[in-house]
Amino acid sequence: MMSFVGRSLTGIVSTFVESAEELRIHRTRVLLSLVGVAIAVFALTTVLGAAAVAQQALNESNERNSGRPAMLSANVYSTSMDGSVADPDRITDAWRAAVARHEIEYESRVGYGALTAQFVDGVTPVDSTIVDPDYGIMHRTAMQEGAWFAESDGDRLAPALVVNVPFWQSLGSPPIATHPTVELRGSDGPVTAVVVGVVRTSDFETYPRSFVLADAVDRLGLVGANQNGYQFEAWVPVDVGDDLAERLRAEMQSAVPDLQAEVYRQDYLSWGGGDPLLVLKLVVAGVAVVILLLGALGLVTISLVTVKYRIREIGIRRSFGATSGRVFFSVMMESVVGTAVAGGIGVALAIVAVKSPLFEQLVGQGMVEDFPPFPIEAALIGIGSSVLVGALAGLLPALTAVRVRVIDAIRF
Amino acid sequence: MTLIALDGVGRTVELPDAPPLQILSAVDLVIDDGDRVSIVGRSGSGKSTLLNLLGLLDRPTHGEIRFDGAEVRRLSDARLARLRGASIGFVFQQFNLLPGRTAIENVMTPLLYDRGAAFWRRERLAAAMLERVGLGARLTSMPDRMSGGEQQRVAIARALVRRPRLILADEPTGALDLETGSTVMELMEEVARETGAALVTITHDPAIARRAVRHLRLEAGRLVPLDGAEAPGAAPAASEAVSAPERRREFESEPEEVRA
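Chains as they are written, first to last, in our numbering: chain A, 1 to 412; chain B, 1001 to 1260.
Please note that a few of the clues may not be correct.
Restraint ranges, calculated between C-beta atoms of paired labels, are given here [stated by the list, open to error]:
1) A:L399 with B:G1196: 32 to 42 Å
2) A:L392 with B:G1008: 42 to 52 Å
3) B:M1142 with A:Y309: 16 to 26 Å
4) B:T1140 with A:L280: 55 to 65 Å
5) B:A1078 with A:V279: 47 to 57 Å
6) B:M1001 with A:V13: 29 to 39 Å
7) B:G1008 with A:G344: 54 to 64 Å
8) B:S1076 with A:Y309: 27 to 37 Å
9) A:S3 with B:R1073: 22 to 32 Å
Capping the alpha-carbon separation at 20 Å, the derived lysine to any residue pairs in SDA-like fashion look like this [as the list claims (entries may be wrong)]:
10) A:K308 with B:G1134
11) A:K308 with B:D1028
12) A:K281 with A:A379
13) A:K308 with B:P1099
14) A:K308 with B:G1100
15) A:K281 with A:A54
16) A:K355 with A:V387
Please keep in mind that the hints were generated in silico from the structure rather than gathered at the bench. Where a beta carbon is used, it is the ideal one built from N, C-alpha and C, also for glycine.
Full structure from sequences and hints, please.
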């Protein structure tokens, strides 16, 4: 029994020793033939990694616009035809009672309007979003300078403003630590606002924009702000989002029965319609697969040519007792080990490339806050596909090697 | 003791759009341990095919081959390969050393297929065998830096390192000059004698052929003795030691065409 085990073990070890020896002898040729595979795996893995960054960039962009999942949005409005306007305080009270009942931690009023700001080049209407402090977290607002609103900012006599980069640049890009001010038009005359932060802004956004706290707008009567009343947002766990939306709607409706209450999810996960990056991903994956196949084709060609060249060598090995299985394994392993190494190198290069600051800037356009770690599935796909390519590319030469007629091979 | 026995062996090859080609027919041959056999024949006479069959690289289409009593036809390919590796050593005309490997790496190659202790001791065994053929100082030399005679000695060391019971030498001196060829043959015979291996030499060279004890000729696929006393299958005693002059005298009685 031990003898059988010992012989089997020796057989296995000797098979690997022989294959490793073959790899060592042919290392230059193997390395050269694998350049194409390494490049192909690098391309494949890089595009998969880039797709993950692009996905994160898109998610963050969606979260900035429509909030993090699950984001509930509530609208309450009058349906009477006499033009009467619903009392905003009554609606706000109903909302706050409802969110308090459900212990919702993050909620915000949201209103839109145009503040009138005095820049050095004249008075300019500035699109503004009127919010509560939680809005910053709820919409993943990334700051470039200064900080988002604190709870205490609502009590300032001089209202706090968070602005975008074009707004900040209109002020001459002053350091936020110097508490730069801007003059806004209020109902009782000019109001001096203090800029407390600058949000990170995409290169495509060229007009000034600002955020202002709802408490300040209401207290100071900033002209142009909140012309259409507030809507409300609440950030709740995804798994209870839909259920909570219906409950909040029912509770709001019963609190203000004379008005129409609507509560719905507005985060990107609720949009449906499939993955918006699917087409891009498919195209990119298709290109990567074509690259990989071209790399494999090169490998098969080189392997086949070299097996023809090595027929004599294989014949000699067979004459000394190499079984067809050993020859098959040896040729196959040369291909698989080689491509696995090439795949590893390709994946390593892809990780270096995807995690480089230059690449992150290029794909993220400066708008990605949380760069995802290099996707492990991309690395596994890279290594896996290289091994698969190695196995497929090795199969044909290995079969050719097994069919060698020994004496003919030696004597040709 | 009978090592390999061919009984009525034939080998036919199927050809597309042509009748089957009979390469060997009704070959009877018995080779014992320690035997010395030379086989001569013109090109196309079936020498390669016979070498394939003797080396367990091919199976006959007719007849029976027994190696050490076991019927070859019944053995699996893997079993045959292992039997070949353990029992048969090949020496080729063109040396066929593996390129890119040193002398000792070449000699170690057959030991990679040994599943016993010899695999683990392969380096020591290979070095000892190279020492035996006079190349102890050239262990790490690359074949392309060695003379033809040295390369053939490496090939002999490689063929014998697993102590085969049958050495098949296919035109072993074909690529060597007369003197070197003679030296190489003496070495091969010496080592074969030491290990008790049978030596079958396939050659065009009458001088090499007559070094053997039994002389056979392949003619149109049939194995015939070079004279009546040397009929196929009529094996002399395995341990029979025949001196070179005696062998030469035996050969001088052979037909002219063999020597040509």
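* Asked: Going through the earlier hints one by one, which of them does the structure break, listed in rising order?
  -> Failing hints, ascending: 10, 11 and 16.
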